[in-house]
Amino acid sequence: MSVIVEQVTKRFTATGTPAVSDVSFHAPSGAITTLLGPSGAGKSTLLRLIAGLELPDSGSVRIEGVDCTHLPVQQRGIGVVFQSYALFKHMTVRQNIAFGLETRRQPRADVEARVDEMLHLIQLEDLGKRYPSQLSGGQRQRVAFARALAIRPKLLLLDEPFGALDSRVRVELREWLQSLHERTGVTTLLVTHDQEEALEISQHVVVMSDGRVAQAGRPEDIYDRPSTPFVASFVGGTSMLRGHVRSGRAEVGSLVVASAGTAREGAEVHAFVRPHDIKIAKPAHGSTEPTTGRVERLKSVGGYVKVLLKLPTGETVSVEVPRAEFDDLGVVEGDCVQADVRMARVFLGDYAI
Amino acid sequence: MHPTTLVARRERRILSSAAPVRWLLIGVALAFLGFFLVVPLVAVFSYALQKGVGAYLAAIQEPESLAAIRLTLLAAGIAVPLNLAFGLAAAWLIARFRFRGRELLLTLIDLPFSVSPVIAGLIFVLLFGRQGWLGPWLVEHDIHIIFAVPGIVLATLFITFPFVLREVLPIMQAQGSDEEEAALSLGASGWRTFVHVTLPKVKWGVLYGVLLCNARAMGEFGAVSVVSGHVRGSTNTLPLHAEILYNEYNLAGAFAVASLLTVLALVTLAIKKYIEWRAEAP
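First to last, the sequence lines map onto chains R and D. Using the numbering used here, read the first sequence as starting at 1 and increasing by one per residue. Using the numbering used here, read the second sequence as starting at 1 and increasing by one per residue.
Any given hint could turn out to be false.
[Said to hold, decoys possible] Here are the simulated DSBU-like cross-link-like pairs (lysine-lysine), alpha carbons at most 30 Å apart as the crow flies:
| # | chain 1 | residue 1 | chain 2 | residue 2 |
| --- | --- | --- | --- | --- |
| 1 | R | K299 | R | K282 |
| 2 | D | K273 | R | K89 |
| 3 | D | K272 | R | K89 |
| 4 | R | K299 | R | K279 |
| 5 | R | K89 | D | K51 |
| 6 | R | K310 | R | K299 |
| 7 | R | K129 | D | K51 |
| 8 | R | K279 | D | K273 |
| 9 | R | K306 | D | K272 |
If you are wondering where the hints come from, they were derived from the structure by calculation, not from laboratory data.
Sequences are here, hints too, so could you generate the full structure?
Right under this line is the structure:
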């Protein structure tokens, strides 16, 4: 295990809730690990604690087996890439990349060779003499990566690296980062609030909420088997439906799930349903299915149509229907349809059932 | 026509008033400017050169005038570097750290701007004068501060110390500390980070602050007047010297000295304009 964080707590105010509270997790060596969570979850603070830009109130941080908890940032052997790029504006691309190497007093020729290598790596060989202000956002961020990687860090820390870019460049750079990681193999820790980004490029995901780790695991596990209601609601654009325990089973509308035997009769359960796990059908005439809903709104988004359904209970559910399927269905706003929940995660309190 | 330019035109027309109002406002502004700025400026130089260039140069080369120039340069030469160091350190402290008393410090730093310069001078007289708090001790050790050069330097320091800080602080606050953190993570020491990353970022603000600081240091009258004692050839700065000459009805001499300060002001403005232009360039 490359990065091991143990019981780290950090408060910024003496009385308020901690920004990071008793967090423990590990990031495997050579992999991309993502810290995923809504803003204010403490993920950036955690990254800064690992970088040494903040000091924890308690707990420890180990990087490649070395206890770094009290090591100054300069000696941790890390590369950091910020959302704001944080390039040195008065230096050229080459000077930016060379900065960390010159700090290490390496011979001139070595520095030049390494800078050339880095420029090649980020495919900006011709732009070495430019200043950051003369580059596009995506190019600047690539220079920031090159500058961080030039010093051969043991660990690469990325704080929302694509947050300031437009969506097309963001997707491009995401793929670029993946191929970069395949070539360099540097252990990487990425902070993001973008779940798509997290699920797509990382081998390990740590979901955070309110300064704590909500769930850690492989992206598939996070998506398919969320272990808390928070993770279930945060990942995958889910809708929440309320239901009750009836004769030992959880009932949510027409959906019935076998529940744990300890569940009290009548206890409230929460079901989290993904937009693509609901099938919409036109009801047969005179049908009074309990999950029949009314189409509140239709929005066509590229390859699929977003349908907002209002259920008789007053709850709303968002459903995604593939374009072709929707055209066959032929529903319009205001129609009553039958909604069939194919799959859901059901929680009794904080426990999955 | 492109729609956006059309919108822009219409907005301009909405924002600009009718022609008579516009010309009236411009006329008032120009008259005001002419009366209070251009006329005095012309007057200073015409009075100074009234008796010809020879008399002008002679007035400046008087031993007492030269002594005043030297003292002014000395006071500014000490006050500006010290306030540069202080301003940078205080701006760094206030921009980067949160500590108890930070707001109070920010308020106190503006004291020299808010207090009358004469009061500032009196503070030093009360502190270091013969009847002041430290007076007896100073007399005992034969140290002269009030009515001597150290007093003038102290008063100048006090009056000018917010300039660099006030220019640099907003820039540091606006730019955040990401670049510094990046430099630290690349292995740079605090000092290297300051020299290679922070200073270049605030360079133009620093120059601007130094410029204003210098202009005020050389031109300060009130505070310096109180602590100086007006000893000719020894504790007179340029502004004080100009006043003395004027009081003696030596108009040519007074305006010759005044013209030096005016030239300083004009050069300051020119450099200020240049700095603003450079700071805006990418």
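Structure-based check of all given hints:
Taking the CA atoms of K299(R) and K282(R), the gap is about 18 Å. The hint holds against a cut of 30 Å. Proposed proximity of K273(D) and K89(R) is supported: the alpha carbons are some 23 Å apart, at most 30 Å. Proposed proximity of K272(D) and K89(R) is supported: the alpha carbons are some 23 Å apart, at most 30 Å. With a C-alpha separation of about 17 Å, the suggested pair K299(R) and K279(R) falls inside the 30 Å cut-off, and the hint holds.
For the hint pairing K89(R) with K51(D), the CA-to-CA distance comes to about 54 Å; that exceeds 30 Å, so the pair is violated. Between K310(R) and K299(R) the alpha-carbon distance is near 15 Å, which keeps this suggested pair within the 30 Å criterion. Simply put, K129(R) and K51(D) have alpha-carbon atoms about 58 Å apart, too far for the 30 Å limit, and the pair is violated. Taking the CA atoms of K279(R) and K273(D), the gap is near 69 Å; set against the 30 Å cutoff, the hint is violated.
For the suggested pair K306(R) and K272(D), the alpha carbons sit about 59 Å apart, so the restraint of at most 30 Å is broken.
Checked against the numbered hints above, the structure breaks hints 5, 7, 8 and 9 and satisfies the rest.
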